[in-house]
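Number of protein chains: 2
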Amino acid sequence: MDNPKINFFLPLLYLAWSDDLLTQKEFTVLQAFIHTQNWLSEAEKIDLLSKIDIASPPSRMELSQWKSAIDQKVLREHKSIFDISSAFYKNDSGDFELQFLKLENDLGILGAEAFGIFRPKTDTFTSKYQTEVRFDVQKLTAILDGQQAPIINKVKAIISRQEFQYETSTDIDVYRGKVYDWCKILADENLGNMAYPKKYGGGENIADYFAVMETLSYHDLSLVIKFGVQFGLWGMSIFSLGTEKHYAKYLKDVGSLQLPGCFAMTETHHGSNVKGLETTATYNHSNQTFTIHTPNPDAQKEYIGNAAMHGQMATVFAKLIIDGTDYGVNAFIVPLRDENMKTLRGITIGDCGQKTGLNGVDNGTIRFDNVSIPKENMLDRFASVNDNGEFESLIPSDNRRFFTMLGTLVGGRIGIPRSALAAAKSGLTIAIRYADQRRQFGPEGGSEVPILNYRMHQRRLLPLLAKSFAVHFGLQYLTQRYINKKDNEAQEIEALAAGMKSYATWHVRDTLQECREACGGKGYLSENRIGSLKNDTEIYTTFEGDNTVLMQLVAKNRLSEFRKQFGEMNALGIINYVFESAKTSISEKNPIATRRTDEIHLLSSEFHHEAFVYREKTILASAAKRLKSLIDSGLDSYDSFNVAQHQMLDVAQAYLERVVLEQFQLEVKNTDDLQCKAVLEKLHNLYALTQIEKNKGWFLEDGYMEAPKTKAIRKLVSQLCWDLRPDAVALTDAFAIPESCLAAPIAVRQL
Amino acid sequence: MDNPKINFFLPLLYLAWSDDLLTQKEFTVLQAFIHTQNWLSEAEKIDLLSKIDIASPPSRMELSQWKSAIDQKVLREHKSIFDISSAFYKNDSGDFELQFLKLENDLGILGAEAFGIFRPKTDTFTSKYQTEVRFDVQKLTAILDGQQAPIINKVKAIISRQEFQYETSTDIDVYRGKVYDWCKILADENLGNMAYPKKYGGGENIADYFAVMETLSYHDLSLVIKFGVQFGLWGMSIFSLGTEKHYAKYLKDVGSLQLPGCFAMTETHHGSNVKGLETTATYNHSNQTFTIHTPNPDAQKEYIGNAAMHGQMATVFAKLIIDGTDYGVNAFIVPLRDENMKTLRGITIGDCGQKTGLNGVDNGTIRFDNVSIPKENMLDRFASVNDNGEFESLIPSDNRRFFTMLGTLVGGRIGIPRSALAAAKSGLTIAIRYADQRRQFGPEGGSEVPILNYRMHQRRLLPLLAKSFAVHFGLQYLTQRYINKKDNEAQEIEALAAGMKSYATWHVRDTLQECREACGGKGYLSENRIGSLKNDTEIYTTFEGDNTVLMQLVAKNRLSEFRKQFGEMNALGIINYVFESAKTSISEKNPIATRRTDEIHLLSSEFHHEAFVYREKTILASAAKRLKSLIDSGLDSYDSFNVAQHQMLDVAQAYLERVVLEQFQLEVKNTDDLQCKAVLEKLHNLYALTQIEKNKGWFLEDGYMEAPKTKAIRKLVSQLCWDLRPDAVALTDAFAIPESCLAAPIAVRQL
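As you go down the protein sequences, you meet chains A and B in turn.
Sequential numbering from 11 applies to the first sequence in the numbering used here.
Sequential numbering from 11 applies to the second sequence in the numbering used here.
Derived by calculation from the structure, the hints in this document are not laboratory data.
Incorrect hints may appear among the rest.
Unchecked claim - Label pairs and their computed distance ranges (CB to CB): (1) Ala258(B) / Glu454(A): 39 to 47 Å; (2) Ser639(A) / Lys164(B): 32 to 40 Å; (3) Arg86(A) / Gln490(B): 47 to 55 Å; (4) Pro307(B) / Val184(A): 30 to 38 Å; (5) Leu676(B) / Glu571(A): 49 to 57 Å.
What the hints assert, rightly or not - The calculated lysine-lysine pairs, modelled on DSS-like cross-linking and capped at a C-alpha distance of 30 Å, are: (6) Lys725(A) / Lys687(A); (7) Lys721(B) / Lys285(B); (8) Lys112(B) / Lys574(A); (9) Lys285(B) / Lys35(A); (10) Lys188(A) / Lys352(A); (11) Lys61(A) / Lys138(B); (12) Lys495(B) / Lys496(A); (13) Lys100(A) / Lys35(A); (14) Lys194(B) / Lys209(B); (15) Lys574(B) / Lys15(A); (16) Lys77(A) / Lys89(B); (17) Lys89(A) / Lys285(B); (18) Lys495(B) / Lys77(A); (19) Lys112(B) / Lys635(A); (20) Lys574(A) / Lys89(B); (21) Lys209(A) / Lys385(A); (22) Lys77(B) / Lys194(B); (23) Lys209(B) / Lys635(B); (24) Lys566(B) / Lys285(A); (25) Lys574(B) / Lys100(A); (26) Lys385(A) / Lys259(A); (27) Lys635(B) / Lys687(B); (28) Lys687(B) / Lys566(A); (29) Lys721(A) / Lys194(B); (30) Lys100(A) / Lys164(A); (31) Lys89(A) / Lys566(B); (32) Lys89(B) / Lys166(B).
Built from N, CA and C at the ideal position, the CB exists for glycine as well.
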């Protein structure tokens, strides 16, 4: 340890033995190098070679001593291993430094990287990064809650009570019982009847009803669904499809949970295609009754919430038959159990049993064996049987009438995505708090670093956080449109609701999946709730309509709107015209924009909006053109839609993204508080650019963007994630989820 | 109904009232049109207008009569609504047909599509498509099973026995007990000790051991993990890290499940970064013992399988301390419970409780309060304490020694992805059989169609099926490489295992998610098993190493290999050179290829391979260049890797995709049976093109492909899905999963 020439090699020797990447072959390389060094004496060479004999490694102690010796020589101005070696012994011969670099390279050592092992420790900027509060969290909460803040706070106060402590029993009966009891408390607080007319004891406030659904979703999701089945599906089916006599008879008891009931639409063989329901309601002229009947086992009602345990009645959807003529699907109130909860004659109820989630909801099957109900049990707002036993309706088409009926039930497609999004907010709050506190790995010799400081972790969580804000504003917009809808907007809003339900629930699925993984093993423990949040919302992509099927409905609506917009032109020429004009107008407008990569442009809301609109229009026109050419080529329209199904989904997706973007932009614009505005703007930019990045294949294919631009966008997305990282915890704080509801031990703040 | 001029309008009137898309505004359009028709008398106009009075709709009966009248007029040669109308009354005036088309358009009616409602019904090609058997299923099974067929069949026979009926209790103790009993049966069948040396009662057959893990995964996944913890982690840690004396003392009892044990590595605060473990093993010279101690609550062992109920001993990873010096992490056998299952003094065991899945495994926490163990309990293959109480090891670096130890445990990263893939095969078998039998929607007036005939449903499931075959062959390759590894291949194979574990388990996650949704409500019922398959494998992306962390290890290995490959050049010039040469060589080679869209080219394995290799090389060189320039700019290497983290994942991803593709291509090439070869080739093409489609943004950005080509690939992917649809059921049959294991009612074949 005192020959400087030998010590010249210490850094290399240390690397050779300590680095876990060197192979036997590389030791040979090192030996060969030493042999060729003429400035070393034979004795020195032998000494050195003895230190790289793979059969006789240095002792661990020796290795520690080398490291100490090196540490004493390293200076702040050193830039390479060669610099350190030269601090032991200076070899000035001509190409020696180059030879040395070649050796390093042959050993697979990346100079500057390996050098880091010896560099005096300073904090890296990655390790210094941390959470800050750069805006007023309460102000942001106020923006999110809007006018519903009072009811939201009321519900939060209720679900924070001791009696709402989570049920941890895995016994399904215990859990179902607890959920029922919770529902009763909520009914007693007048939350269940929130949407019903005041005349029947209700709150007559639909906006508040949705806010209740959403806020309850910070708590147990079985509770939300049980609540939604009772007060939404069962109660609102009476309100939407029935008439005064039904309201008077039932609504008060439904709203107080005196009369638990079901919404019995889906059958085993008919879920998405409810038009094909097979249950029959046959009119009996003799005694003015209907006979409700399940004609075959696959026509049983299935997945019916409240059926397995608590339901006393159900709104049953069945084909109305009068004198052998089928008048299409109508709705009837059918008693299931008596007041002692004994199942009535002709009714057979099954239990769906254990499910992936929502096990606090008693889903069941219902079969009817010639069950007789009085005539007044037909929910007769849209169709009725008159005193002569004749069918009457203002809507002559069975098809149209049925879809009009379904249209009145569209509220479910608002409550569900809002509930889902609340679950995603819980997941993000838990995962982001954990990522802010959990430390793992760090710079060589430094302390460990919060995992939220890692770029990939930011990339995994922050775009989902941004999108959650986007979807929040999108759902607020949907709610407002629904509440204030005019007659001629019904179809547009139904399509919007179907689309937003799909868009939001898919987002929630992806978010909770990512949150689980981002929390590692902790995310797998039930106590941290991410698993149940995921499992409970898992079915949200299916119920109120399978997302993929709904997206096709949305696309069909868009295509039909598209045709109407261009109604003044000759039909044959329209599609080509629109298609071509969209293309040319854009490329005329933006000759340079396809390549612009400056931040001012890439962060401008005009650029985002134009890109989203362009994409939406082009995809729509292209799908219309494709369908037309398929049908013109003689294909059946059913086959044609099937061939273009993939494109149909794109049509709907592009439409929804544009709608959501616009709402986010509007929200940023309307925000007065400068700090909130600033952070919302960043979130908006991240949402917008993440979607563009996701769709970059399309934009490049289309020519709307070129490679330098999409590359710049990728970089900017990473940068925005980095910039937002200090705000992440505060942003989830703005969701203001009650701590007792979050409950996850990993989400407990360490002060 | 007898004035032909009036009847001319019947098809339009029918559409107006039956179509559920017309709005009030559109009725006005129709009224205006009628007013302008001079060929109608005033009386006729009044009659017609009365039929489109929104306040007085036709009766449902009337609507039916219109439809019957129309149906009688429609002829096979009719092509439009105008044709049908003209069959009632012919109006020859000049531009009348054009006026009519304009009207249709104003009403938002897409001519040919609306016409479909009246067209005489013929089966559409979508509805006629169905399952066929076009290859010998057993031959394909033989290809998948390879040389392990005998052990696979043995295991299948065992898990098909009555005693392996699934446990449905939600009581965690019952479930854990059942899983233990199953393990005992497997041990009695000599499956547990399969990998151990014959000398200690084992089968000395690692290939068979992995096949056992894989095949068991068709049954309950808690069983697989419990089995893996006992015989793999616990047993193999003794075998890999211990020496003869440990083998003799423990292996037989471990293999027979006489001695249940744990693998206690992970701590609450150290999961991914196991180098930072804090548990200590302090050597006591006086009595030649080690004191195992948990220095703080967050250093407790966590998630340890077999700990909460059944484990009697554990391999504990702890920092070895001798005379105050820390010699890095080593492994020690520590007794936990006595033969009466009483926890020993100084040991505190906690229960991880309910988890998202795998509730049949008793994961727990372990804390050590100065627990004394004899010196011989140190697993001393790589390091030991000699009789003088001095540390001895052939590997001087603590770091390197630890990673060498970890390297011997890499088998877990082979067993886990193979187990996961088996779960995905179960999910796909269930979802594809269901999709083949479940009918929903259909052509107007026709019967409903299997949902697997829908393009989107094919798109959702078939690429995942293709990728499952690809991953299967990739994992076979990994297994072979592992079993036949040479010393200098260790690092490459460790990286391959880490990568394949991530690649496979992410694929499984995506697959089971899609299967759940593809089965709708049925997929949510526990009886159909998709939920538990998903939940049980959910943690596979975390255990044996978090996927995201592992992918970075893979990338670092690739970067280091990359540097070594070009070792003969001057270090400074290499990266730029490689980067540029890769670019130019490709563009020189393929001046036209960037635009080729013919099927011969797009379906050629040469094209696929070149594209995958090009992508891998370019991404690797680009990441190397980026890192170099970040480090050269003065950034700490830790910061640099963080900045480039996103690219690191791409490096690993591109590498794994290329490896998997190559194995799939080799398998196709080596298949003799022509029918099997044909279907494997189609699956291979679907795998290859789906990955290219997924990465099309990158290929377009890079310029390796241009838009016409990526568009042609998208079309071809849809076409391949369609082509493979008839084979889908047979392809899942080739997995040959025992029916009693599949168990899902929706997967029962309807004969």
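So, going through the hints one by one against the coordinates:
The beta-carbon spacing between Ala258(B) and Glu454(A), approximately 41 Å, falls within the hinted interval of 39 to 47 Å. For the hinted restraint 32 to 40 Å between Ser639(A) and Lys164(B), the CB-CB distance of approximately 57 Å leaves it violated. For Arg86(A) and Gln490(B), the hinted distance range of 47 to 55 Å is satisfied, since their beta carbons lie about 51 Å from each other. At roughly 32 Å, the beta carbons of Pro307(B) and Val184(A) sit within the given window of 30 to 38 Å.
Leu676(B) and Glu571(A) have their C-beta atoms about 52 Å apart, which keeps the hinted 49 to 57 Å range intact. Taking the CA atoms of Lys725(A) and Lys687(A), the gap is about 23 Å. The hint holds against a cut of 30 Å. A distance of roughly 48 Å separates the Cα atoms of Lys721(B) and Lys285(B); the hinted pair therefore is violated under the 30 Å criterion. As the CA atoms of Lys112(B) and Lys574(A) are separated by approximately 11 Å, the hinted pair is consistent with the 30 Å bound.
About 26 Å separates the Cα atoms of Lys285(B) and Lys35(A), which keeps this hinted pair within 30 Å; it holds. Our distance criterion of 30 Å between C-alpha atoms is met by Lys188(A) and Lys352(A), whose separation comes to about 21 Å. Simply put, Lys61(A) and Lys138(B) have alpha-carbon atoms about 77 Å apart, too far for the 30 Å limit, and the pair is violated. Taken as a hint, the Lys495(B) and Lys496(A) pair is broken in the structure, with Cα atoms around 72 Å apart against an allowance of 30 Å.
With a CA separation close to 28 Å, the supplied pair Lys100(A) and Lys35(A) stays within the 30 Å bound. Using a Cα cut-off of 30 Å, the hinted pair Lys194(B) and Lys209(B) holds, with the two alpha carbons roughly 21 Å apart. Pair hint Lys574(B) plus Lys15(A) holds up; C-alpha atoms about 27 Å apart against a cutoff of 30 Å. For the given pair, Lys77(A) sits about 88 Å from Lys89(B) by alpha-carbon distance, which is inconsistent with the 30 Å threshold.
Taken as a hint, the Lys89(A) and Lys285(B) pair is honoured in the structure, with Cα atoms around 28 Å apart against an allowance of 30 Å. A threshold of 30 Å between alpha carbons decides the hint, and for Lys495(B) with Lys77(A) the separation of about 33 Å lies outside it, so the pair is violated. For the hint pairing Lys112(B) with Lys635(A), the CA-to-CA distance comes to about 18 Å; that is within 30 Å, so the pair holds. Of the supplied pair hints, the one linking Lys574(A) and Lys89(B) holds, its CA atoms being roughly 22 Å apart against a limit of 30 Å.
In summary, the hint linking Lys209(A) to Lys385(A) is supported, as the alpha carbons are separated by about 25 Å, within the 30 Å threshold. With a CA separation close to 70 Å, the supplied pair Lys77(B) and Lys194(B) exceeds the 30 Å bound. With a C-alpha separation of about 52 Å, the suggested pairing of Lys209(B) with Lys635(B) is violated against the 30 Å cut-off. Taking the CA atoms of Lys566(B) and Lys285(A), the gap is about 57 Å. The hint is violated against a cut of 30 Å.
Simply put, Lys574(B) and Lys100(A) have alpha-carbon atoms about 28 Å apart, close enough for the 30 Å limit, and the pair holds. Taking the CA atoms of Lys385(A) and Lys259(A), the gap is near 14 Å; set against the 30 Å cutoff, the hint holds. Between the alpha carbons of Lys635(B) and Lys687(B) the distance comes to roughly 41 Å, so the proposed pair goes past 30 Å and is violated. For the hint pairing Lys687(B) with Lys566(A), the CA-to-CA distance comes to about 41 Å; that exceeds 30 Å, so the pair is violated.
Between Lys721(A) and Lys194(B) the CA atoms are separated by roughly 56 Å; this puts the pair beyond 30 Å, and the hint is violated. Straight-line distance between C-alpha atoms of Lys100(A) and Lys164(A) comes to about 77 Å, which puts the hinted pair past the 30 Å bound. At roughly 22 Å between alpha-carbon atoms, Lys89(A) and Lys566(B) fall within 30 Å of each other, so this suggested pair holds. This hinted pair does not check out: Lys89(B) and Lys166(B) have alpha carbons roughly 58 Å apart, beyond 30 Å.
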